[in-house]
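Asker: Sequence:
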Amino acid sequence: MPNVLIIGAAGYIGSALRGQLPRSGNHRVFGLAKSEQEGFKLQLNEIIPLFGNLDEVQSCMNLVLDTPIDIIVDTNSFNNEATKLEMLDILVQAAKERLCTVHSQQSFKISKIGFVTVSGIWGHGSTEDPCGSFKPARLDSLGTSPPVGLPAAKARYEQKVLNAAGILDVAIVRPHFIFARGGAAWTRILSGIFEASQTGSSDIVRVPVDPESSTYSFTNIEDVASGPELAIDKIQMINGSSIYPVFDLVGDQFPIGLLIEADANIFGCKGKVGLYKPEGVAFLESIGGSSDARATRAEQILGWKARRGNFVRDTHIYASSFLASLELAKET
Numbered sequence: 001m002p003n004v005l006i007i008g009a010a011g012y013i014g015s016a017l018r019g020q021l022p023r024s025g026n027h028r029v030f031g032l033a034k035s036e037q038e039g040f041k042l043q044l045n046e047i048i049p050l051f052g053n054l055d056e057v058q059s060c061m062n063l064v065l066d067t068p069i070d071i072i073v074d075t076n077s078f079n080n081e082a083t084k085l086e087m088l089d090i091l092v093q094a095a096k097e098r099l100c101t102v103h104s105q106q107s108f109k110i111s112k113i114g115f116v117t118v119s120g121i122w123g124h125g126s127t128e129d130p131c132g133s134f135k136p137a138r139l140d141s142l143g144t145s146p147p148v149g150l151p152a153a154k155a156r157y158e159q160k161v162l163n164a165a166g167i168l169d170v171a172i173v174r175p176h177f178i179f180a181r182g183g184a185a186w187t188r189i190l191s192g193i194f195e196a197s198q199t200g201s202s203d204i205v206r207v208p209v210d211p212e213s214s215t216y217s218f219t220n221i222e223d224v225a226s227g228p229e230l231a232i233d234k235i236q237m238i239n240g241s242s243i244y245p246v247f248d249l250v251g252d253q254f255p256i257g258l259l260i261e262a263d264a265n266i267f268g269c270k271g272k273v274g275l276y277k278p279e280g281v282a283f284l285e286s287i288g289g290s291s292d293a294r295a296t297r298a299e300q301i302l303g304w305k306a307r308r309g310n311f312v313r314d315t316h317i318y319a320s321s322f323l324a325s326l327e328l329a330k331e332t
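What the sequence shown shows, in full-length UniProt numbering, is residues 1 to 332, in sequence order.
Treat the hints as calculated values from the structure; they're not laboratory data.
Some hints here could point you the wrong way.
[As the list claims (entries may be wrong)] Calculated lysine-lysine pairs in the DSSO-like style (CA-CA distance at most 30 Å, straight line): (1) K41 <-> K330; (2) K160 <-> K109; (3) K330 <-> K272; (4) K96 <-> K160; (5) K330 <-> K34.
Here the structure is a predicted model, which means the values were calculated and not measured.
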């Protein structure tokens with residue numbers, strides 16, 4: 001039974017994963033806590049707390065050298081490229097030290113630390129070109145050509161993870177636009193519709209979605225959580241062969257305009273909805289866009305399957321979840 005540490009266990013993806021892993025019965029799950037209160041919250045969910053701070057080099061080193069962790073799963077959002085890269089550098093340094101220490105003292109071989117990171121579709125940029133599952137997200141002619149900003153940063157980070165494969169057993173899972181259980185990213189798109197429904201305005205509501213690139217890919221948060229779980233279970237098999245350890249998690253694919261119109265109706269918006277291409281807002285320029293990505297490799301190698309589809313059909317359920325998240329946010 002591997003000991004798994006979730007980085008970002010209190011976040012959107014991390015909280016789904018911390019519920020998924022204990023249910024399987026195949027993992028002993030740890031979470032990082034900075035305070036006693038955070039530790040209590042983890043224990044409430046049957047997660048073993050480890051006290052430390054990844055912003056501190058020695059604390060990060062200790063997680064690898066002084067704890068029984070076998071696999072680390074990074075579910076943190078990509079808010080700061082420098083922080084993500086620095087943490088990865090420290091983990092690689094600690095893993096090297098661990099291997100060297102054991103090799104100098106023992107004659108037997110030990111397994112490498114596993115590292116699973118949750119990236120995203122944004123590394124592909126917005127394209128309908130069938131670039132193939134093995135073409136890396138890189139900023140040169142050998143890879144895809146994502147636009148600057150968040151996709152470029154994700155591409156650099158993914159390459160850094162892949163380059164660490166000699167020291168760590170690595171896997172990258174790329175969920176597409178995540179839905180269900182609220183989801184902060186949806187606020188950027190749906191806030192205008194919600195505000196118009198509250199004021200009763202009959203004016204046209206402009207939604208920041210490029211009408212020329214609006215066939216989005218979606219993945220339910222429950223299906224997202226199963227991706228890292230399966231990568232954890234097969235991390236050594238993946239890295240012990242020639243398998244390219246990057247997996248797209250694709251659920252539904254359809255024009256997002258259908259979803260936005262349905263949400264506007266559910267919210268009670270009186271005006272019509274119009275799409276426009278967002279400019280100057282890096283996040284909005286990056287979060288969506290058309291993509292020819294497929295989940296074939298995740299299905300064949302990991303055994304992953306999108307089980308929670310029908311996003312448009314069940315929009316009323318997810319729209320209610322989004323509205324509930326807005327109401328609860330007022331209380332915090």
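Asker: If a hint holds in the structure, say so; if it doesn't, say that too.
Answerer: Results of checking the hints against the structure:
1. K41 <-> K330: 21 Å, holds
2. K160 <-> K109: Status holds; Cα separation ~25 Å.
3. K330 <-> K272: 27 Å, holds
4. K96 <-> K160: 16 Å, holds
5. K330 <-> K34: Holds. K330 to K34 sits at ~25 Å (cutoff 30 Å).
Figure legend: structure checked against the earlier numbered hints; every hint is met.
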